[in-house]
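Protein chains: 2
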Amino acid sequence: MREYIEKSQDLDPKESGKVLYVVGIGPGEYGQLTMKAAAALSGSQIIVGYTVYTDLAREHFPDKEYLSTPMTKEVDRCCLAFEKAGEGRRVSLVCGGDPGIYGMAGLVLELAPRYPQVSVEIIPGVTAASAGAAVLGAPICHDFAVISLSDRLTSRELIEKRLSCAAMSDMVICLYNPSSRSRKDYLSWACEVVGRYRKPETVCGLVRNIARQGQEARITSLKELALIQADMFTTVYIGNSQTGADHGRMITPRGYRYV
Amino acid sequence: MREYIEKSQDLDPKESGKVLYVVGIGPGEYGQLTMKAAAALSGSQIIVGYTVYTDLAREHFPDKEYLSTPMTKEVDRCCLAFEKAGEGRRVSLVCGGDPGIYGMAGLVLELAPRYPQVSVEIIPGVTAASAGAAVLGAPICHDFAVISLSDRLTSRELIEKRLSCAAMSDMVICLYNPSSRSRKDYLSWACEVVGRYRKPETVCGLVRNIARQGQEARITSLKELALIQADMFTTVYIGNSQTGADHGRMITPRGYRYV
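Sequence lines, in order, name chains A and B.
Oh and the first sequence: position 211 is 211 in the working numbering, straight run, nothing missing.
Oh and the second sequence: position 95 is 95 in the working numbering, straight run, nothing missing.
The set of hints was computed from the structure by calculation and includes no laboratory data.
Note that the structure is predicted; figures quoted are calculated from it, not measured.
Each residue gets a CB set at the ideal place from its N, CA and C atoms; glycine is no exception.
You can take every hint at face value.
Computed cross-link-like contacts, SDA-like style, restricted to lysine to any residue with a CA-CA straight-line distance of at most 20 angstroms: (1) A:161 x B:255; (2) A:161 x B:242; (3) A:161 x B:197; (4) B:199 x A:158.
Label pairs and their in silico Cβ distance ranges: (5) A:182 x B:182: 44 to 54 angstroms; (6) A:45 x B:70: 41 to 51 angstroms; (7) A:201 x B:87: 31 to 41 angstroms; (8) A:197 x B:231: 33 to 43 angstroms; (9) A:197 x B:114: 30 to 40 angstroms; (10) A:155 x B:216: 35 to 45 angstroms; (11) B:119 x A:182: 39 to 49 angstroms; (12) A:65 x B:232: 43 to 53 angstroms; (13) A:242 x B:62: 35 to 45 angstroms; (14) B:215 x A:160: 33 to 43 angstroms; (15) B:121 x A:255: 20 to 30 angstroms.
In silico negatives: residues of chain A with every beta carbon more than 12 angstroms from chain B: (16) 17; (17) 51; (18) 64; (19) 201; (20) 213; (21) 228.
Please put together the full structure from these sequences, using the hints given.
Okay, here's the thing in structure tokens:
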């Protein structure tokens, strides 16, 4: 591990060209960063991101220049990162979890042709679906659908269709962004949609502040889940017909046989 | 990073109790291990796993005792790991990617009540869906379904239903285990099922040996994908109606607007 980071710290923009690193920092806990992600942050001069994620990075990499843009200013944030990288600075754009799952990887790559002198490297991270699953047990150990309940960029009709289809084909459902100040009733609505195909006693779980201070986890039923007030920092799991709650763990069996 | 591993190496089974670590090693490249995963392996005396994964671990942690069981002996593998942990040895059971996604986390937790003296800690990793996505661009930056084509433990009817439902609700589809020696035509069959709902020119991608020696990536169409011979070390992405191929990258836009 030492050799790995020492080698990586030799990164020199003059030799390596102009690179923008898009870095997944995982759920938040320092140990859940990959070594590659830690090396990219350690070797950066500037770290750009939404404040929740720059604050997490700052705890472990305090000697950096930090730049943020507010929640809805994702395009500005990506352009800022490209501009700084274009000036020859070593820049990481940080995302919570994995940048390729509801993170900035897509938008960065869409904007990349405007900055032909900067190459982009995506450094994957542990996404909330994986990190939250490990807290609850093994809820997504079989086929699953990952669906965001945020309707900022997706119509509610399409979200409903995806929930229905995932429910009717008995996939485990992992919900990102289950609720927010302006969408207080969305989790309850999602439970109602899924409940058209799945029993009220279906095993469900939720984890809040995964691997961060104040982590909370709970295993419940679909019927009870509909009554819970979640927030943007909660990841929700709706089990399939085989999912069980065993010794305080939510487990979706793959189907291995044992006596 | 140094402090992290030094602290972790102090792990002592007499103090920490008997623990079985179920460790996701990510796609294979050393840098894509999380620091927590590297610390668990570094602090273990015995590393148990399927040979593909113990061979990957051995490259970086050579001074360990390695124990393996063949492909279909998953129950024996987990019991072996529990037994060694029960004897007071420091044991990690390694899984490729994330142990919670088609890995051993579920089975280990199902078997755990038989070994009440051993507690289980799941250490998540970067799953193939994330690692392969970073190679291709950003194919799963919107809602997606993860479906295994292996019918060893799941009926072909259920797999077909899940493929159909994911396709009809325009989710990106990420396929694990797309093919094997005994299921040579399964990827072609999956393309046919998805093709009932999605155009032949739908952008698709596949990555073989993600972050390992011999990594290969390709962006293609649904029509062409049906003709490709994949294997168990390939992860396949079938885009949604909005997925594009831009400057050699497969990108599923989230819907951010920019001029």
